[in-house]
Amino acid sequence: MSEPALREDAAASRVMWIYMLTGIAIFALMALLGLTMRMGQAKWIALDPTMFYAIMTLHGAGMITAMALCGMGGLWYLMNRERALSTLVAYWAYALMVAGVVAVLLSVFPGKFGAGWTFLYPLPFVGAAWPSWATGLFLLGIALVNIGWIVWCTQMFGCVVAKYGGIRGALAWDLVFHPKQFAASGRHEPPPQAFAALVAAVDGLLAGAAGMLVGIALIVHWLSPSIPLDPLWAKNLTYFFGHTFANLTIYMAIALVYVGLPRYANREWHTSQVLAVAWWGTLLFVAFAYFHHLYMDFVQPRPVQYIGEVVSYLAAFPPAVVTVFGGALLIFRSQLRWTMGSMFMFAGMAGWIVGGFGAVIDATIDINSTLHNTLWVPAHFHTYLLEGVVLFVLGWIFHQLEERSSAQSSPLMRWLVALGVFGGGAIFLLAFYVAGADGVPRRYATQPPPGPEISAWASIGIIILLIGFLICLVEAVRLARLRRAVAP
Amino acid sequence: MDFNQTVLVVFLVGSVLIVAAMIGVAATTRGAPQPQSQVQPRGYALRARWFWALGAATALALLISLPFVPYPSSAQLAGAQHVKVTAQQYGFVLPATIPARTPIIFDVTALDVNHGFGIYGPDNRLIGQVQAMPDYVNHLPFTFSKPGRYTVRCLEYCGVGHAYMQGAFEVK
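Going down the list, the sequences are from chains A and B. Its first residue numbered -5, the first sequence is counted upward by one per residue in our numbering. Its first residue numbered 2, the second sequence is counted upward by one per residue in our numbering.
Next comes chain B alone, as it looks inside the complex:
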């Protein structure tokens, strides 16, 4: 199971739990009713616990995720091999081969409109992306561990040929 599939499973499990909790609450309306004044104090106590639990989960998620941002550090920018990528309706100009197991920085720009530079691995899974913008250069760091043919797809809507805007490179 790859990363995105794990994300999907987490989402689905979470969603089922949310819906189940709501159905559970709805089901209580079938039982013996209680006055609001009786229900509220217990509910507020539970809400306080829910707040702290959600707060802790959020803090943990931020602590775990924020160090893994895809933005390059100054050291990465200085030490990596730079590969120029230019996007234009409806294609990419980029080298035919990229070395494996070598830190790469894709210097991505566009000549006309906003495009997306989305890299799909040999197994056709999306493994990373960055925007290709006119007047700007975005630096995407990447190290390819697996040799093979990689496909590039445009991931920002760029006009009627958007779906056909592709490129490819070989990692050796």
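Pulled out of the complex, with its shape left as it was, chain A reads as follows:
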């Protein structure tokens, strides 16, 4: 049975590029801010604590939004090929998010808001080194980002439900439990990327709702400080929103690999019963994994802490057993064309698993006692964001460029980029892990020993990494300029 034809249109392509290039631009700016922080911690430059924490706040909020924008644009483009989506809605979501980014930017520069992206109640309001308007503007900015995200999730949810026959169809329920009837019905199972869209939409809407709730509560408190909030309630909602939003970026970005990598391998990555069930697990696990952020809040109900550990462990199964294993199987003994695109996509899967391994270790309650809020935490999420999500996105961008270009990247170019991006990245990330294991706290403008020495190594790693990205940029521009002649 032939697969249904995919839609391709220039307007959808434009949406994808606008989202992705905005995301990449924000990423580049935030990376420079990250380097600034690490150089400050290494004592290479003098960085006033107020400025350090303002930069830290912007870096955290900006990076997650950048990754989300890239994933959203890519997944929107892929799902639009399955079922026509309104570009107007996509642009509204984009405009809301960019407006939110601008508001957050202004709250930090010149507002110097520095309560961290976590804005844990009541920190934004107590002993603040920034003006009150900066707090309000930051909260408004995060709310706008969240509203844009909710708009996107709603559109994506509508898409998968309408295309595949309700939630049951989108989950591939009948493929799993009634495979013979499903095959006989002539229906098509959702492609792998549709599961990413479903999970991002459902868990994204849940997280978005939590974010709106705590966001409105904080804005109410900002307007009327006499109205108190419960700090534990606020912390739960903040981490549910923040962790889930951040976590979903990788599940959105992997959709790009589902589509891109098979083209390089000239093989198929189709939906199987195992893949569907794995995504059901992800749907569930992503929604409950945030509990591991509150292990050190001993007043949390005890069962919730245990659920946090169990769910965090189980969350590793779908990527480790199905997606990344499937990706490895896809290219095993294939005639994979090694290009910048395929290199990034394949390497990103390794980064995802390594970062996930670091996350699972930290999600062990007993180990968390001595790793929580040390540099081990940014170590693991920088691994799967920088050497996972970013590589998936770059892989997809190069895939698009390579398909349209008359030129290809030379092996020497790939080695140079690999040396910078993977080599520099490894030094940068290793510094985080070593410092975390040494108990160096995170979010310290001035670190106790051996923090500064390790931060110096981290700074060297970032500089090498950024050189790698710079070479990437030059190569991307070169490929974009050498467009393949299209037959009339």
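Since the hints were derived computationally from the structure, they do not count as laboratory data. Keep in mind it's a predicted model, so treat the numbers as computed, not measured. Backbone N, C-alpha and C fix where the C-beta goes; we use that ideal spot for every residue, glycine too. Where hints are given, some of them may not hold.
[Unchecked claim] Label-pair ranges, simulated between beta-carbon atoms:
(1) 300/A <-> 123/B: 47 to 53 Å
(2) 39/A <-> 46/B: 54 to 60 Å
(3) 69/B <-> 217/A: 42 to 48 Å
Guided by the hints, dock chain B onto chain A, whose structure is given.
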């Protein structure tokens, strides 16, 4: 080698194995290709074994780790010596000395924002922590076997003075 360093070594060894496995898979694209229909059945069989192996390792890790949670039992709360700790931007109020080899419960709270109560041993290694939250009291059980000077550092971002928020006590 202390606990965290052991954790680091386990992580590094695991990461090297993961990367090596991926490089090994990538290297197969240099050899003679095989059709997907031929590769898949063997791959799926291997995946099933991988699933059960990972499942067994996960179950074992949960069985080993969950009994060691740092949360106090009712018996610990009733039988230990309680030590009050109050955190506030940017310092801790806590006793100057703590008895060695005595079960202690730190009753930790905060007066303003969220803080972290991180205990660093005489060798400057992080040995335990709990959050210090306004409106709540977290009970951290601890028994110090080694006398010496212990440093307390804030481990939850609490404002511009966060990095300087420290305290100390002597275990005798």
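Outcome of the hint check:
Between residue 300/A and residue 123/B the CB atoms are about 33 Å apart, so this pair departs from the stated range of 47 to 53 Å. A hinted range of 54 to 60 Å holds for the C-beta pair residue 39/A and residue 46/B, which are about 55 Å apart. Between residue 69/B and residue 217/A the C-beta distance comes to about 45 Å, which sits within the given range of 42 to 48 Å.
When the structure is compared with the earlier hints, a violation turns up for hint 1 alone.
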